[in-house]
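Novice: Residue numbers (the working numbering), protein chains in the order written: chain A, 1 to 308; chain B, 309 to 616.
Don't read these hints as lab results, they were simulated from the structure. Any given hint could turn out to be false.
Heads up, simulated DSSO-like pairs for lysine-lysine below, C-alpha to C-alpha not over 30 angstroms straight-line [what the hints assert, rightly or not]:
| no. | chain 1 | residue 1 | chain 2 | residue 2 |
| --- | --- | --- | --- | --- |
| 1 | B | K536 | A | K186 |
| 2 | B | K395 | A | K55 |
| 3 | A | K87 | B | K463 |
| 4 | A | K88 | B | K395 |
| 5 | B | K396 | A | K88 |
| 6 | A | K155 | B | K333 |
| 7 | A | K25 | B | K333 |
| 8 | A | K151 | B | K554 |
| 9 | A | K155 | B | K395 |
| 10 | B | K395 | A | K25 |
| 11 | B | K333 | A | K246 |
| 12 | A | K11 | A | K87 |
| 13 | B | K466 | A | K25 |
What follows is a set of in silico ranges between Cβ atoms, one per label pair, in the way DEER data are often shown [to be verified]:
| no. | chain 1 | residue 1 | chain 2 | residue 2 | range |
| --- | --- | --- | --- | --- | --- |
| 14 | B | S433 | A | E299 | 35 to 41 angstroms |
| 15 | A | K280 | B | S433 | 25 to 31 angstroms |
| 16 | A | L305 | B | S337 | 58 to 64 angstroms |
This structure is a prediction, so every number in the text was calculated from the model and none was measured. Built from N, CA and C at the ideal position, the CB exists for glycine as well.
There are 2 protein chains.
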Amino acid sequence: MINKLIEKIQKTQAPIVVGLDPMMKYVPSQIQKAAFAEFGETLEGAAEAIWQYNKGIVDAIYDLVPAVKPQIAMYEQFGIPGLIAFKKTVDYCKEKGLVVIGDIKRGDIGSTSEAYAVGHLGKVSVGANAFYGFDEDFVTVNPYLGSDGVKPFIKVCKEEKKGIFVLVKTSNPSSGEFQDRLVGEKPLYELVGEQVRAWGEECMGDSYSYVGAVVGATYPEQGKLLRKVMPKTFILVPGYGAQGGKGADLVHFFNEDGLGAIINSSRGIIAAFQQEKYAKYGEANYADASRAAVLDMKEDIAGALAAR
Amino acid sequence: MINKLIEKIQKTQAPIVVGLDPMMKYVPSQIQKAAFAEFGETLEGAAEAIWQYNKGIVDAIYDLVPAVKPQIAMYEQFGIPGLIAFKKTVDYCKEKGLVVIGDIKRGDIGSTSEAYAVGHLGKVSVGANAFYGFDEDFVTVNPYLGSDGVKPFIKVCKEEKKGIFVLVKTSNPSSGEFQDRLVGEKPLYELVGEQVRAWGEECMGDSYSYVGAVVGATYPEQGKLLRKVMPKTFILVPGYGAQGGKGADLVHFFNEDGLGAIINSSRGIIAAFQQEKYAKYGEANYADASRAAVLDMKEDIAGALAAR
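Input sequences plus hints: build the corresponding full structure.
Specialist: Now the structure itself:
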C-alpha cells in the first residue's frame with residue numbers, strides 16, 4: 001500500500017491528504033435540513049448529514065489527491081450511526097480509488113492491539129469465514145505502550161500489504177509535555193523516531209517502509225531532525241493550514257527525491273467555504289470551495305519544494 | 309461517579325473489576341452454535357455470540373463486584389456489529405447497577421479528544437437535541453499527546469460527574485520501552501503520574517479524584533512509588549491473574565484506608581471454565597465458573613490486604 005500511495009502521489013503531483021473530519025458546524029445548512037427532514041434531529045440524522053457532506057467533498061476532490069484521512073473520533077461521537085457513516089465514507093473513498101488512512105490513534109497491549117489491527121486493517125475469523133471490519137489502507141497508531149502495542153499492527157500490515165503511521169511528534173500545542181522530555185541527550189520523540197525506523201526495517205516497500213510516522217507541520221525543526229533519523233519512513237504531516245503550518249515550513253519533511261512526506265489538511269479544505277478567501281462559492285457550492293482549496297494547497301507546497 | 313465506585317467497592321467488599329474482553333475462543337460452543345444458527349458465521353453471528361456470552365457472565369457476577377471493564381477493541385474487531393454488541397453490553401451492565409469502565413485508550417489533539425469525550429462520556433448535540441453515544445461511566449485515556457489530549461475529557465467529566473483513568477505504567481512486557489526512560493532522575497511514568505495528580509486536583513470527588521490512573525499489577529515496585537506520587541488518585545490495576553499479577557503484589561497499590569485501587573481480571577474470570585481449577589463446572593456452566601473465580605480473587609486480595 002505504501003507503493004500505491006507513492007504511485008498516486010507521483011501521478012497527482014500532490015503529496016496531500018484531505019482530512020475528512022466532519023463537524024456539524026461545517027455541514028452546509030441545505031445538507032443538514034435534508035438529513036433532519038428524513039431522520040429527524042437524531043444520531044441517524046447527524047450521521048446522514050456528515051455522510052452526504054463527505055460524499056460531496058470526495059466527489060469534488062478525488063481526482064486531485066492520492067488519499068483521504070477520516071478522523072474516526074468525529075464519527076464515533078455520534079455513536080453507532082456515526083461509525084456506520086465512517087464505514088460508508090471509507091468504502092466510498094476506496095471505490096473512488098483513494099488511499100484511506102484511518103486516523104484512529106489506537107494502541108494497546110499485545111492481544112488487544114491485535115484486535116484493533118484485525119478490525120481496521122485485516123480480517124477477523126468467524127467460524128470458517130473471515131471478514132474485514134473497517135478495512136482502511138493505513139491507520140495511525142499510538143506508541144506509548146511500546147513494541148507490544150505496535151508489532152501486532154505490523155504483523156497484519158505484512159499479511160495485508162497495508163501500513164501504519166506511528167505518532168512521533170504530534171501537532172498540538174502541548175505535544176512537548178511528554179514528547180519533548182530529554183532522555184539523556186535526546187528528546188523522547190527522537191527515541192520514538194528511532195524505534196519507528198527499526199520497526200519499519202522489518203517491512204519495506206520498494207523505497208519506503210510500510211511503517212510511517214506522524215510529525216506535526218507545526219514543528220518544522222523537529223521535522224527536519226526526524227527526517228534524518230528516519231530516512232526510509234514516510235511522514236504523515238498534520239497541522240497544515242488551520243493549525244498554522246505553511247508550505248515553506250514543510251520542505252524539510254521531504255527527502256531529496258521529493259517524496260517521504262504527505263501533508264494533511266482537514267478544516268482548511270473541508271470547511272473552505274467558511275473562509276473569506278473562498279466565500280464567493282457560497283454554502284451551496286461548498287465542494288467547489290474545497291476543490292479550490294486543494295488546488296491552492298497543491299500550488300503552495302509545490303512552490304515551496306521548487307524554491308528549496 | 310468516583311464516589312459511586314467507592315461506595316460500591318465498600319458495599320461489595322471487592323476492589324475488583326471484571327474485564328469483559330470476549331474472544332471467540334472463550335465463548336462456549338453452545339453459545340456459538342446458537343448464534344451461528346440464527347445469524348450464520350458472520351460478523352452479526354460473532355457479535356450475537358459475544359453478547360450472549362457477556363450476558364451470562366454479568367448475570368452471574370453483578371452482585372459480587374462494583375464494576376466491569378469492557379475492552380472496546382475486542383468488539384471493534386467485529387466491525388459495526390461488534391460495536392453494537394459493545395453498546396448492548398454497556399447498557400446491560402448499567403441496568404444491573406454496575407459501574408462501567410470503557411477501556412478505549414483514546415487520546416488525540418484537542419478538538420478530536422473532545423469528540424471522543426462527548427461520544428463516550430457525554431452528550432453530542434444534534435440540532436436542538438443531545439444524545440449519549442456510548443455512555444460509559446469511566447474511560448481510559450492515553451496521555452502521549454499531553455494536556456491538550458486529556459483536558460477535553462476532564463471537561464466532560466465535570467459536566468457529567470464521570471471519570472477517566474489515564475495510562476501511566478501499563479501492564480505489558482514492553483511498557484518500559486518508553487515509559488521507563490529516565491528524564492533527568494525520574495522515569496517518564498513518574499512524570500506522567502505527577503501530571504495525572506495535577507489534572508486530578510481540578511476535579512475531586514469526596515476523597516478521590518475523578519481523574520484516575522492505570523498502573524499494571526505486573527509492576528508492583530512502580531505501583532508502590534506511584535501510590536505515593538498520586539495519593540488522591542484511584543488506580544485501575546490490570547494484569548492480575550492471566551498476565552501474572554498476584555494478590556500479594558497488589559497491596560502497595562492501595563492506600564491505608566484500604567481504598568485507592570481497583571484490580572482488573574479479564575481472562576482469569578471470563579474464561580475461568582477453561583482453567584483446570586474450574587474445569588469441573590464444564591462449558592455449559594461457564595458463568596458459574598466465572599462466579600467462583602471472582603470469589604477466589606476477592607479472597608486472594610482481601611487476604612493480602614489483611615496480611616500487610
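Novice: Each hint: holds or not?
Specialist: Hints and how they fare:
Distance check on the hinted pair: B:K536 and A:K186 sit about 28 angstroms apart at the alpha-carbon level, within 30 angstroms; holds. Annotation: proposed proximity of B:K395 to A:K55 holds, straight-line Cα distance about 27 angstroms (limit 30 angstroms). Proximity of A:K87 to B:K463 is assessed by CA-CA distance (about 29 angstroms); at most 30 angstroms being required, the pair is judged to hold. With a C-alpha separation of about 20 angstroms, the suggested pair A:K88 and B:K395 falls inside the 30 angstroms cut-off, and the hint holds.
Between B:K396 and A:K88 the alpha-carbon distance is near 22 angstroms, which keeps this suggested pair within the 30 angstroms criterion. Straight-line distance between C-alpha atoms of A:K155 and B:K333 comes to about 20 angstroms, which keeps the hinted pair within the 30 angstroms bound. Note on A:K25 and B:K333: the hinted pairing is violated, with a Cα-Cα distance of about 44 angstroms set against a maximum of 30 angstroms. Between A:K151 and B:K554 the alpha-carbon distance is near 27 angstroms, which keeps this suggested pair within the 30 angstroms criterion.
Of the pairs offered as hints, the one joining A:K155 and B:K395 holds, with about 29 angstroms between alpha carbons and a cut-off of 30 angstroms not exceeded. Distance check on the hinted pair: B:K395 and A:K25 sit about 27 angstroms apart at the alpha-carbon level, within 30 angstroms; holds. Using a Cα cut-off of 30 angstroms, the hinted pair B:K333 and A:K246 is violated, with the two alpha carbons roughly 50 angstroms apart. Distance hint between A:K11 and A:K87 is fulfilled; the C-alpha atoms sit about 27 angstroms from each other, no more than 30 angstroms.
With a C-alpha separation of about 24 angstroms, the suggested pairing of B:K466 with A:K25 holds against the 30 angstroms cut-off. At about 37 angstroms, the beta-carbon gap between B:S433 and A:E299 stays in the expected band of 35 to 41 angstroms. At about 30 angstroms, the CB distance of A:K280 to B:S433 agrees with the hint of 25 to 31 angstroms. The supplied range of 58 to 64 angstroms is met by A:L305 and B:S337, whose beta-carbon atoms lie about 60 angstroms from each other.
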